[in-house]
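So the chains spell out like this:
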Amino acid sequence: MTDLRNRSRRNFLTRCLTGAAALGAAGLREGGGAQTATAKSRVVVARDPLLRGSSTTINARRLEALLDRAMQSLFNLAVTRENSTAAWRRIASANDTVSLKVNTLGGRGISTNVDLVAAVCERLQQAGVPARNIIVWDRDTEEMERAGFRIAIGGDRVQCFGTDRVGYEDDLSAWGSVGSRFSKILTRSSTVLINLPVLKDHDGAGVTIALKNMYGAIHNPNKYHPNGCDPYVADLNMLPEIRSRMKLTICDATTAMYEGGPGFKPEHSWKLNGLLVAQDAVALDFTGWQLIERKRAEMGLKTLEAEQRAPRYIATAADSEHSLGHCDPARIAVVEIQGGTS
Amino acid sequence: MNCELISNEGMAGIPLDRRSFLMCALASGAALGAGEFAGPAGAAPLAAGAQAQNDAQFTFEAKFYEKLANRKIKCKLCPRECVVGDKERGYCGVRENRGGIYYTLVHSRVCAAHIDPVEKKPLFHYLPGTNAFSIATAGCNVNCKFCQNWDISQSRPEEVPAQYISPHQAAGIARKYDCPTIAFTYSEPVVFAEYLMDTADAAHEAGVRSIVVSNGYMQHDSLEQAYGKMDAVKIDLKAFTESYYAKVVTGQLKPVLDSLVTLRKMGKWTEIVYLVLPTLNDDDAEFRGLAAWIKANLGPDVPLHFTQFHPEYLLKNLPITPVATLERAKAIADAEGLHYVYIGNVPGHPAQNTYCPQCRKMLVERVGFTASQMLIRKDSTCPYCHHNIPGIWHA
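Protein chains in written order, with my numbering: chain D, 6 to 347; chain V, 40 to 434.
Hints were generated in silico from the structure; no laboratory data involved.
Below, computed lysine-lysine pairings styled on DSSO-like, alpha-carbon distance capped at 30 Å:
id, chain 1, residue 1, chain 2, residue 2
1, V, Lys106, D, Lys300
2, V, Lys113, D, Lys307
3, V, Lys126, D, Lys276
4, V, Lys115, V, Lys126
5, D, Lys189, V, Lys355
6, V, Lys307, V, Lys215
7, V, Lys113, D, Lys300
8, V, Lys115, D, Lys307
9, D, Lys276, V, Lys111
10, V, Lys126, D, Lys189
11, D, Lys307, V, Lys126
12, V, Lys126, D, Lys300
13, V, Lys111, D, Lys300
14, D, Lys307, V, Lys111
Take these sequences, add in the hints, and give me the full structure.
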């Protein structure tokens with residue numbers, strides 16, 4: 006069992022399966038086709054209004070169920086217990102070493118949810134990936150601890166630590182405007198990369214979601230903030246260390262920020278109680294940006310464009326030079342689902 | 040970032056890879072200061088090849104910034120004026136906003152320490168034949184695509200091995216090893232301005248001078264306050280076009296030119312290095328414009344070094360600068376009326392020597408980084424024709 010928290014968890018697997026079975030009994034099935042080279046990019050926006058119930062704490066069981074629904078929807082699978090792992094077999098197999106890049110810069114206020122990561126780890130193991138071949142990581146171990154992760158190094162368990170424990174490659178990897186040294190966790194311990202960012206406003210870049218989360222994989226992210234991070238974010242994601250491994254993005258939007266980011270500002274955060282899941286990180290970023298704009302409008306704030314900080318790097322990532330994904334709404338299929346256990 | 044290349048040889052002349060070299064550099068620094076350096080903080084290695092570092096030991100409130108609303112700050116150290124949110128760092132990577140207070144993370148956090156000939160900086164009109172205790176921290180406020188020391192200049196302080204060397208310890212080491220000068224160099228001293236200032240004060244108290252090797256990309260106030268404490272300054276003028284600064288340096292030309300003028304007004308002995316990159320900043324018109332600007336704004340006696348580029352970092356696709364290009368640059372600058380134009384990184388080239396602009400006799404002969412002959416008199420004049428030769432020639 007994956008225990009990423011500094012407390013013992015109850016029988017995680019049993020609860021997951023119970024939730025999935027309940028959903029499967031309802032026989033729900035999402036519309037839309039499977040993603041192909043010519044098809045639209047599919048972005049699942051999964052929400053559960055009861056994710057927190059009447060408290061402020063996220064219900065881990067409902068979150069796991071929401072993840073299952075989202076993954077099954079992403080791959081257009083029927084909601085069944087079997088398919089809760091079938092979706093993950095599309096991502097990784099027993100021979101893979103899977104790294105989960107979380108975002109822990111925002112402390113406990115707005116970091117990738119530990120229960121969400123634990124649920125991903127469980128599903129990967131059910132799909133056949135040995136626990137020791139799963140690594141949860143970010144830039145700094147202490148930051149991860151502050152965000153609630155329990156550090157684990159060695160043994161037959163899910164690994165959890167920051168790049169500071171292993172360092173960066175000596176050699177540079179360069180593309181376009183970027184030249185960086187990559188985390189050895191990514192280069193030496195990952196055949197599959199799953200990106201687990203959060204949904205945040207960013208005072209310089211406009212928003213920081215999936216593509217920009219890769220700044221946490223290199224040694225010199227401070228060099229890539231001028232000009233709204235454009236074209237740096239797109240150029241960085243072109244590097245083969247990322248591009249060849251990236252298989253999935255699961256954006257934790259349980260708590261999101263529409264203003265004042267990237268540091269956590271509770272007064273500018275909102276409980277979106279959702280997840281955004283996609284294989285096209287550009288499409289996911291575009292979709293997440295629109296969610297933030299919608300919330301800004303609701304709160305009476307100007308658009309990011311009006312504030313001259315629209316995230317231009319998203320369009321750059323989609324241009325013909327990069328072709329990392331789609332940011333044209335006509336080429337994105339946003340599938341909205343409601344999750345939760347029965 | 041500056042262009043002074045850290046030696047790539049380890050102890051006993053054994054070639055090392057760059058990471059090992061950094062460790063060796065620190066080890067040799069520790070050997071130099073045996074009994075004087077504080078021991079490395081912590082014990083458990085974090086990353087392979089890195090020492091644990093006690094962050095608090097190196098963290099001091101920064102001098103040049105202003106507080107903004109919502110716990111943001113605006114850095115006033117360099118023209119970039121980074122607006123930095125809480126828990127974020129500036130472009131340089133070595134200054135961090137913590138709760139609305141901006142901190143330097145590199146005070147006394149030395150990641151490279153060597154004893155170098157002053158000619159290696161290069162400063163040719165400053166105490167020739169002497170050594171400088173040369174130190175650096177991590178970080179830089181630009182990102183030159185040709186950087187020779189990118190391992191440290193483009194890294195965050197926690198990513199490179201470092202050792203605590205207080206300002207007084209640095210001054211003591213310089214004295215112990217007969218270095219009349221401490222040099223702030225290798226990475227970009229702008230970003231460790233507070234440490235530079237405190238060390239210069241400690242050094243002067245100990246009778247040791249201070250010099251800095253810098254890109255000059257600074258705000259007026261920080262330049263006056265920090266480099267006002269220096270005895271001599273070498274500025275890397277990377278090119279003479281804004282487009283080059285934007286594309287290759289990730290900075291701006293105008294503030295650097297302003298810094299040069301300010302240094303001139305301050306009366307600081309200043310030399311200029313221009314690294315010539317094939318196809319990027321080697322145009323005749325650019326050489327001519329550069330030389331004319333120096334003569335008009337700084338005077339004809341400011342030494343100008345045209346140095347040879349070697350492929351490194353992100354510009355490995357370019358060839359080494361042909362010597363003929365450097366000679367062409369020198370000929371143009373000579374023709375514009377500059378009195379001291381040198382060619383650098385070409386060992387044995389006659390344009391490494393200093394000649395009297397009046398009688399044309401050789402006054403300082405240099406072989407590599409060594410001044411093998413120094414004839415300039417105590418009163419800074421030519422021994423043959425008594426022409427004044429500007430510089431700081433004698434201790």
